[in-house]
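Chains as they are written, first to last, in the numbering used here: chain E, 2 to 142; chain W, 49 to 188; chain P, 1423 to 1798; chain A, 23 to 345.
One or more of the hints may lead you astray.
Estimated spans, in silico, between C-beta atoms of each pair [said to hold, decoys possible]:
hint, chain 1, residue 1, chain 2, residue 2, range
1, A, P286, P, T1435, 50 to 56 Å
2, W, Y159, E, E139, 27 to 33 Å
3, P, D1610, W, H78, 41 to 47 Å
4, P, E1602, E, A11, 40 to 46 Å
5, E, E139, P, V1581, 27 to 33 Å
6, P, V1637, A, M48, 44 to 50 Å
7, W, F150, P, R1604, 33 to 39 Å
8, A, L75, W, R63, 28 to 34 Å
9, P, E1602, A, S285, 51 to 57 Å
10, W, L55, A, A25, 54 to 60 Å
11, P, R1673, E, A8, 32 to 38 Å
By construction, these hints were calculated from the structure, which means they are not laboratory data. Just so you know, even glycine gets a beta-carbon here, dropped at the ideal spot from N, CA and C.
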Amino acid sequence: MTPEVRAVLARHGAVLDESGFDPRADVARDAWRACAADLHATGARFFDITAIDRGEAVELVLVLVDTPSTQFTLRTSCPNESLRAESLAGVFPPAEWGEREVFDLFGVVFEGNPDMTRILQPDSSTIHPLRRSFELEERTW
Amino acid sequence: MFGSGLLKGLGITLRHALGRPVTELYPFEHKNPPANSRTFIAMHVNEEGAPACRACNTCIVGCPDRVLKLVKDPDDPKRAVEFVVNSGRCTYCGLCVENCPFDALYFTQDYERATRDKGALIYHLIEDGACTHEGEVDRP
Amino acid sequence: MVNFPRKGVEGSTETMLLNVGPQHPSTHGVLHMMCEISGETIVSAKPVIGYLHRGIEKLAESRTWQQDIVLTDRLDYVAQFSNEWAYCRAVERLAGIEVPERAEWLRTLLVEMNRITSHLIWYAGVTMDIGALGTPFIYAWVARERIFDFYEAVTGARVMPNWMRLGGVHTDIDSAMLKEMRDFLERDFPVEVDEYEALLVGNEIVQSRMKGIGVFSAEQLVEWGVTGPALRASGSERDLRKDVPYGVYDRLDFRVCTDDVGDSLARCRVRLAEIRESARMCVQIIDGMPGGDVRAKVSRALKPPVGDVCVRTESPRGELGVLVASDGTTKPLRFRVRSPIFYNLSAMPHMLPNHLLADMLVIFGGIDTSMGEIDR
Amino acid sequence: MSAAMWIHALLWLVGLLLLIAVVTVMGVWWERKFIGHLQRRRGPLHHGFHGLLQLPADMVKMISKEDIVPDSADPWLFQIGPLMVVVPAIAAMAALMFAPGFGLLDMNHGLFYIFAFQTLLPLGFAVIGWSCASKFTLIGALRAAAQLISYEIPMLLAALGVVVAAGSMRLTDIINAQAGVWYIFKEPLGFAIFGIAVLAEMNRTPFDLPEAESELVAGYQTEYSGMKFGFVQLAEYSVLFTGSYLVSALFLGGWNMPFLPASPLWLLLKIVACMTMTMWFRGTFPRLRVDSLMSLSWKWLLPIALVNIMAVAALALALPGIY
């Protein structure tokens, strides 16, 4: 993790945890877009945006690559009552599709995404299948 | 020079045209798959002619696609009465054969069981406690 | 309805909306491109995906860690070993499994052979797309079939190998087979690559179609999220095999194939160079292969500790990331595939405008789509 | 016209139609076989001798297939479109001469007649493409029209060089004038231009843009099925035959062969060789892009063709005995 990235994360009040495999930084949802924009300015490259369902909240995971060989994740949490976050499509162009996928599969609405529609499922779909509350039918023989 | 690449291309195709075709005439020529090729599942028989299966359920648990069904003998929990393979669902991943602690399962070298009837894809390896190999075709 | 506002061209007649796909000879599966065209010039384009969505990420959550390897084969069905390896590496890292030395070498060997077959598919597809009737296609297929014979002899299946296991690989490769592979890759294969090169890059018609078409700078491509050979053709040296060496890449002597022109022809050259380079690497691996075990003991009811990990690998199409999260049970909490082509394809709306309809196929060929991994 | 002339014409007509059918069947068979071998395949194999009966079977299948008319298609134009292609293609063949005095019409402007009918083809393609009400066919038809019209000009200019040298537009005269030296040796530039332009006129690779299957599915014929599709195919092979004939007759000496007596057999051989050549190209090359196709015609072939015809005319004036 480069010093510039550390400085940006500290400026946005991120909780840094480097005990895991990759450093992870948790930010408040309000600081999500601003922090990502500042990280973009440090030269961090977009790798992936996705989400993990933690039951009572959906955790958004933004994987960024700061030097060619290191990566870290920026995370924020969207409680089930308000599944919305600011869009990063203006900061990282590929995030547009990544966010569409998170919306499609988890139901998190990204405000400011130019095309907040379903991407993998048909538009007529009403489900968000990667939520843990969406259970697959038990496979029978 | 402009055009030399074109001429070279023509030369390559002509050379191949004069060579031997690579097509395998499938229904007329059979190719035998290699020894560990994963095809249809069959059951080994022990010396007494009884199925080698000990009804331990490991294959059923390990199967990602719920292909196998096992009915145990109510009197003897180590004896299978029925063992059914629904090969229409099978993805031939080989986990059942790999997981079997008794090496009871193996793969046949038979890959021709195309059928119009989905029911024909379900076959018994053990029926009424005896090994049946009706799905297997022995080719010379 | 898909949201597709037309831009229009000022001072021109009305533009036309052309739906290329989902059933079209050159979309490599079921990709749907909505193109707004003015004459034959593309004004704006939008890829519509999802026709091959099988919900693999959801299915993975209801299967055990071992069973998910079967699913990874089906993600990018022309780069099966790369997907398996990415997944296995992620889980092994999460669960702290040590992989035996020989298994690492074997994995690297088959992944590099897989890179060859995957690029051969690209070659077959791109020559088809630019109108060669299928002759180069079949030449590529012949070599690919030969390598698939090796796959079958080693793993037991041609296309869906399911060969890697957590903590190693399923079957060992004996020395006779290794020698056969080496003979093919060192002696016969480079001759065939010469032919591929002559039929594609050496052909003046192809040059007239590809030179100067779709020129993008490395900065643009990085901004759009493009990775892999498409990016390296613009001069970038990004290759995870060098940047974050995994497997035995740090012990191999290979170069990152780059080109600084950045047009479609450069992308072809880079991929053909990668085919050669991979064949060279395979020979090195076979020569340096140590003996030993190929599989560590891993419990069938594996329960990795709580946590998540994201692993980046270099698949033939770009940077393949696998994020797995565990809640300490026998099944994953989340299995996420960061597909390189998904993000490469998302750059299409930036890449296509102001090109001709025929150039669309050339640019498509440049990023080498495979719908199985885009839609998952 | 006398009754004998009518019978003569009728017999020739039947003969020509049979010829077209045979050319199409044998052409498709040979193309599949030859390209198959180029691709290290075997081509048709199982029905008859090396798959010879495959094509009659395909024709029967084509005739018995359902004739699908798209809902939004223009019903009238959709029906007459294939005829508008196949009629000029066949009519052009009326002027072909297969041996001295052996042909339906030995017109003294035979070459002109053939080109005149071939010029009608783009109209038929445009009608086909428009009537289907599909965007792919429309683009294919516009490409076909643009391509055929632009390549006609260099083709005609190159043929004009031969006409200047032979002093006649009658095919018999042109071929007989090559009893000594073929025009390919006297006008190599004209031959190159004519060959390229004819390739484009025949819609063959690398100029098969109107039916570019990877871009336009099948170009102007996307929506056609059954025998209407068969008609379009028939027209394509007739044009292929006529084009190969023209190359053989104008530049390769027709029925003449050095050191050997003149015979229609040589002509046939040359035609088959020309057709095989186009198939070899098809098996090897990708296709051009639409804009480079146009610039090739207008920026390169046309000026060179003009230079060629002026050079030929000057040489014909300067060296009347040789040229």
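Evaluated hints:
no. : hint                           : in the structure
1   : A:P286 <-> P:T1435: 50 to 56 Å : holds, 53 Å
2   : W:Y159 <-> E:E139: 27 to 33 Å  : holds, 32 Å
3   : P:D1610 <-> W:H78: 41 to 47 Å  : violated, 25 Å
4   : P:E1602 <-> E:A11: 40 to 46 Å  : violated, 58 Å
5   : E:E139 <-> P:V1581: 27 to 33 Å : holds, 29 Å
6   : P:V1637 <-> A:M48: 44 to 50 Å  : holds, 47 Å
7   : W:F150 <-> P:R1604: 33 to 39 Å : holds, 38 Å
8   : A:L75 <-> W:R63: 28 to 34 Å    : holds, 30 Å
9   : P:E1602 <-> A:S285: 51 to 57 Å : holds, 55 Å
10  : W:L55 <-> A:A25: 54 to 60 Å    : holds, 56 Å
11  : P:R1673 <-> E:A8: 32 to 38 Å   : holds, 37 Å
Consistency note: the structure conflicts with the earlier hints numbered 3 and 4.
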